[in-house]
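Going letter by letter, the sequence shown gives residues 174 to 831 in the working numbering.
What the hints contain is simulated information worked out from the structure, not anything from laboratory work.
Yeah, the Cβ is synthetic: ideal placement off N, Cα and C, and Gly gets one too.
Hints are not guaranteed to be accurate.
[Said to hold, decoys possible] Derived DEER-like restraints, expressed as beta-carbon distance ranges:
| hint | residue 1 | residue 2 | range |
| --- | --- | --- | --- |
| 1 | R422 | Q225 | 29 to 37 Å |
| 2 | G568 | I209 | 24 to 32 Å |
| 3 | L665 | L700 | 47 to 55 Å |
| 4 | G769 | W642 | 50 to 58 Å |
| 5 | L786 | Y557 | 16 to 24 Å |
| 6 | E241 | P340 | 54 to 62 Å |
[Claimed, not checked] Simulated crosslink set (DSS-like; lysine-lysine; CA at most 27 Å straight-line):
| hint | residue 1 | residue 2 |
| --- | --- | --- |
| 7 | K514 | K254 |
| 8 | K285 | K432 |
| 9 | K295 | K190 |
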Amino acid sequence: MAVKPLKKLEIYAWGNKVPEILEYIASIRDFHVEHIEELQETGGNIKETVRQTLQKISTYLSIWRNAEEFVSLHGDTPFKKSMFEPRKVMSIDEARSLWETKGEMLFNELQKMLDDIHHIDKEIEHISYQIEMLKPWQFITIQLSVLHNLKHLRYLPIEISERYVAPLWEDLKTIDGYYWMWAKKTGKQWYVLIVYYSDKAAQVVERWKEYAVSLPAVDIEPAEYIKELETRRAELEDKRRKQIEEVLRWLNDQQDTYKVLVDYLEVEKEKWQVVSDNVLKGKKFVYLWGWIDKDKADRVKYNLEHNYPVRVLMSDPSEEEDPPVKIENPWWLRPFEIVTKLYGVPHYRFFDPTKFTAPAFFIFFGIALGDAGYGALLMLTALYFLIRYKKAEEGTKNTLLFIFYLGLTSLIFGIVTWTWFGENPFVYNGKVFGFFSFFDVVHNTNLGLGTVLIIGIVMQMYAMSIKAWWSFKQGDWQTAVFDVFAWQVFLLSLVVLVLPIIGVGVSATTLMYAKYIAMGSALLIVLTQGRHIKNPIGRIAFGLISLYGIAGGYGVASFLADTLSYSRLLALNLSTGIVAHVLNTMLAPMFKIVIGIILLILAHALNLALGLLGSFVHSSRLIFLEMYGRFFEGTGREFKPITLDGKYHKFVKEVDAK
174 MAVKPLKKLE IYAWGNKVPE ILEYIASIRD FHVEHIEELQ ETGGNIKETV
224 RQTLQKISTY LSIWRNAEEF VSLHGDTPFK KSMFEPRKVM SIDEARSLWE
274 TKGEMLFNEL QKMLDDIHHI DKEIEHISYQ IEMLKPWQFI TIQLSVLHNL
324 KHLRYLPIEI SERYVAPLWE DLKTIDGYYW MWAKKTGKQW YVLIVYYSDK
374 AAQVVERWKE YAVSLPAVDI EPAEYIKELE TRRAELEDKR RKQIEEVLRW
424 LNDQQDTYKV LVDYLEVEKE KWQVVSDNVL KGKKFVYLWG WIDKDKADRV
474 KYNLEHNYPV RVLMSDPSEE EDPPVKIENP WWLRPFEIVT KLYGVPHYRF
524 FDPTKFTAPA FFIFFGIALG DAGYGALLML TALYFLIRYK KAEEGTKNTL
574 LFIFYLGLTS LIFGIVTWTW FGENPFVYNG KVFGFFSFFD VVHNTNLGLG
624 TVLIIGIVMQ MYAMSIKAWW SFKQGDWQTA VFDVFAWQVF LLSLVVLVLP
674 IIGVGVSATT LMYAKYIAMG SALLIVLTQG RHIKNPIGRI AFGLISLYGI
724 AGGYGVASFL ADTLSYSRLL ALNLSTGIVA HVLNTMLAPM FKIVIGIILL
774 ILAHALNLAL GLLGSFVHSS RLIFLEMYGR FFEGTGREFK PITLDGKYHK
824 FVKEVDAK
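Using the sequences and the accompanying hints, generate a full structural model.
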């Protein structure tokens, strides 16, 4: 339950062997490759090979992306993967053999089929454009080729808006000679065909050429040509439909093969991208480095040096280096890493906060949702999927187990408040089944508020204690004593002094001791908070302002504000329960009909969704702001190993077993 210690591996190898070496490293699934910056490369041949390989892989993956988009538009895709479906395990050598024997042929065939459909689409688009363009010209009752073959005459088909009709008439009146004109109005547009002598009318008519349209030179009238085009379009659409069915059938028949090939290409792309970005390429040798789990370092170093022409240097991280962070927890705690990673993993030389924050998140979420019915529903749903999909991958199982925990804590606190889907069933004379008392926060809000505020105080003391534990572990006793214990004593003594003000009885002796303890601890804080300042006056001034919270890690104001933040847990609890009760009251009269049952289920589903969102967000906020603010020292980089994992397959390499 800690940040895993890492070893640094530096690998020197022959350039032509680096893809094979990276393949082995990826099969370990535990090697984080670091980026190499500001180093001059000399390996021109190697760089060109890398560039060409990446370009080729990207081309084939682009074909696949187009195919996926095509399938999503035209049918049910066989390439969707359920989150509950585990990836198949397959040898990378077997996948490579499949690519070498069938890969390029299958992708080229797929590209050809997609290109054929694309060409048909283009032709249909062109025909549709011609049809729309010719529709207004159906009033022409001669073959269009006749117009194109006129010897002594010219023609001009134009499309103009209604406001240009009068100017056109005026221009035509000025023609000295004969001309012929056909015109038709469609909507607000006029379609005009003018036939004129080229010598006498040209100067007038050709002023309107900017409105000219192009008519095809076919031996048929426009109306008949439109019919021919529509027939041709129908034939193409039928051909397109058959082509689409053929592609879908092809992809369905070859889906298993394509899944292997696509995963292989994705793995190859990641590998070669690492070569491009993270490997220093010389004329003959290459260099790469990264981090590996300390427990696996010796075995990996041995396998590399005994299976490949490499030289491997292994060392511990230096103080100047900032290794990535790999956290490891037992299976039952792993789901709460979701919360930890949402904020960011700690830096390498800090500790994993998951084991400390998991109980707090469990409590916060349970109070916030606090409905036993909703909790039981979440638990049963998660449990069903955990049993139904036993072979699901670890990430999916962790998510389901996390949902189970959320349901469990909601069930626990829901039983404490005896809230089931917003109701308090089987309550007689204020007791469950007439015997057991329950925490009625709706009718005793002050008690509920006091409880969550006490929880807030306890959690702040808990977070400060984590800081003290870490300080002692690092040998920094001054921080533990002066920056934690002194503050805990001071703040708790203030709490005791405030109790009589809010109506809690405290003996005079206790109050007297609390007053003196508060004064003594405050004096200690004033004298020690500015111990890093050499000037005595500045040190005391810093200590004084730190009491309020302007400087330093804590303060009375921040303590009060943070404590009040926990009141939102009660607000969320009340809102979820009260809304559920209102829904039951509103929809109860309709419960005898089917639509009423459906509406009630949908209403509760919406209320549960909103309750889950609010509870998760505020519980996370309390962790990240109120708790982390007391001890967390900053985030680091997450450990992200190179792998041989695709969308559908996990590839393995036999050398890893040595």
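query = Do the Cβ positions of L665 and L700 conform to the proposed distance bound of 47 to 55 Å?
reply = Given a distance of about 20 Å, which is not inside 47 to 55 Å, the answer is violated.
key: Outcome for the supplied range 16 to 24 Å, where the beta carbon pair is L786 and Y557   = holds (22 Å)
key: C-beta pair G769, W642: status relative to the range 50 to 58 Å that was hinted   = Given a distance of about 56 Å, which is inside 50 to 58 Å, the answer is holds.
query = Taking 24 to 32 Å as the hint, is the beta-carbon distance of G568 and I209 inside that range?
reply = Holds - the Cβ-Cβ distance for G568 and I209, about 30 Å, lies within 24 to 32 Å.
query = Is the straight-line distance between the alpha-carbon of K295 and that of K190 27 Å or less?
reply = Answer violated: K295 to K190 is near 46 Å, above 27 Å.
ask   = In this structure, is the beta-carbon distance linking E241 and P340 contained in 54 to 62 Å?
value = With Cβ atoms ~55 Å apart, the hint holds.
query = Between K514 and K254, is the straight-line Cα distance small enough, at 27 Å or below?
reply = holds (25 Å)
message = For K285 and K432, compute the direct alpha-carbon distance and say whether it is at most 27 Å.
response = OK: K285 and K432 at ~19 Å, within 27 Å.
ask   = In this structure, is the beta-carbon distance linking R422 and Q225 contained in 29 to 37 Å?
value = Once the Cβ atoms are compared, 34 Å apart, the range 29 to 37 Å for Q225 and R422 holds.
In this structure, the earlier hints numbered 3 and 9 are contradicted, and the remaining ones agree with it.
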